[in-house]
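Student: The chain contents come next:
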Amino acid sequence: MTRILATASAEARIVLRNRWVAIAIAMMAVFSLVLSATGSAPTGALGADPLSVIIASLTSLAVYLVPLIALLMSFDAIAGEVERGTLPLVLTYPIRRSEILLGKFAAHLAALALAVAVGYGLAAGAAFLSDTGSAAGLPALLRLFWTSLLLGGAFLAIGYALSALARRPGAAAGLIIGLWLVMIVLYDLSLLAAIVADDGGWFTTDIFPWLLIANPADAFRLYNLAASEATAAAAGLGGAAATIAPLHALASLLLWPLGALALAVFAFRKVTP
Amino acid sequence: MTTLTLSNVTKTFGDMRALDAVGFTVAAGERVALIGHNGAGKSTLMKILLGLIPATAGDIEVCGAAPGSDAARQHVAYLPENAAFHSALTGLETLRMYLRLRGERPDQAMSLLDRVGLADAAKRRISTYSKGMRQRVGLAQALIGHPRLLVLDEPTSGLDPVSRRDFYTMLDKLAAEGAAILLSSHALTEVEARTDRIVILSRGKLVADDTLAGLRRRAALPIRLQIRARPGEADAVAAELAGGRQNGVMVDLTCTPEDKLLRLGQIAGLGPLVEDVDVVPPSLEDIYSHFSQVGAEGDRP
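Chains as they are written, first to last, in the working numbering: chain A, 19 to 291; chain B, 421 to 721.
Hint data in this document are derived by calculation from the structure and do not stem from the laboratory.
Incorrect hints may appear among the rest.
Said to hold, decoys possible - Quick look at which bits of chain B chain A covers, simulated, 3 or more residues with Cβ under 8 angstroms:
id, stretch
1, 460–472
2, 485–497
3, 520–533
Here the structure is a predicted model, which means the values were calculated and not measured.
Note that beta-carbon positions come from the ideal geometry of N, C-alpha and C, so glycine has one too.
Excised from the complex, chain A in its bound form (with noise of 0.2 angstroms):
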């Protein structure tokens, strides 16, 4: 534990000078500003109060971001060890590879934590200033919370593995690239794409949802948006949630970083320093 704890605390620090802790802020607290400022005028026509519309908005905001952060932070664990030469020493430490990982994780996540805190933060404190009736918000937005942590989780880990396999720094930014299009944009173009070219046939009821849940940002959306019925309704994507049970989503975000994680920890095994 102790080991862990030294990783983590030099890699906050590391993580703090190479400001990504302030990128990430200002990211999260410009797009949840601009979110709270134009998101609040339809909030009279669906009779929700203007927390949970800003809520609604958030998820489609935190979908994007928290995993383009998480990506940006994790991307140079390893790879950037390998290339710095720093990797060889710290392996002949008593410490396990896996420990390692797990202490920039801890790390890393208190720098998302403090992001995204510092984000919806602001967006709520914007909703309290407009409408006092807020409070009913609350409990979804620390359910975006903590999902958004579980979101971010699974792309570190995701991350971690990426750089384990490239080995340089250049090429895991290459790789994380890539996977943020296909996992957040491309995914569900195509999930999109083959629903209407089947129609409402066996793809639509039986396999799309499980796809859907597959991917963690998808399953970090459902949760959200079908756990608050306000939200759902505000954010117009009822229809969608209704047909996935909460918990399996859930039981996805809970999942994702864990098995992103041991992926991780196996392609970190396979690096020869």
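Take the given structure of chain A and dock chain B to it, following the hints.
Tutor: Showing chain B alone in chain A's frame:
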């Protein structure tokens, strides 16, 4: 008591034999220098006994355990060639991390940095350090705890002569406390009198494992005698001794170590013709190239 035992260690990368049946031991309190050209297999050997890469064949025992095992890593300190650290951390933060990784109290970091002469720069980021300063951070982390075996890959590269001397003084102390030390270098001159035994690797083969005196004896390289004749007598001296004249006053001779006293007697016998005589033993570089060539010749079919 043997701290490190290697026998028949072989490592191949594809068709290339990086190490070929290398075997030697390092006892507690012993300082052993591993000498070889670039690419002779020194770093590969070190990485194998640290457990960073596996050997293709052979047996290795580090502090009674397998290389890279938890038990072995607990007792082994390593200084990599061109030690690298994260440039965003300060020297102090780096050492605190390594102390905690070894399960030691992090508040010893400052005194360790002081020991290697980095106390003043402790709170500066490593990105501002010179190569020599980074090497000292590497050395400081190798001193953490009481390692039973220190594996130092070209530890004095990048150090100025004064720091190099301090470094060897530090090694003497560690060895006196019972640590076994294996250090590599590409030059015999660097390790000279500061090690107990010298192991020479050439193209992955062990070509010598002996004390410096033993190596001198085994190489049996000719000794040079430089004789300064009185002005105008150089030709006469050269003729008497059957040696070569170098210039107006100097006469050069070479002889085997056994013939040295005989030749000196002859020179003394010339009496007034000779002004002075210098005995030049084979240099460390001569001895080293002798053994490297032996290794290279053995390689040919």
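Student: Evaluate each hint against the coordinates.
Tutor: Status of the hints after comparison with the structure:
1. 460–472: holds (count 4)
2. 485–497: holds (count 5)
3. 520–533: n = 4 at 8 angstroms, threshold three: holds.
Checked against the numbered hints above, the structure breaks none of them.
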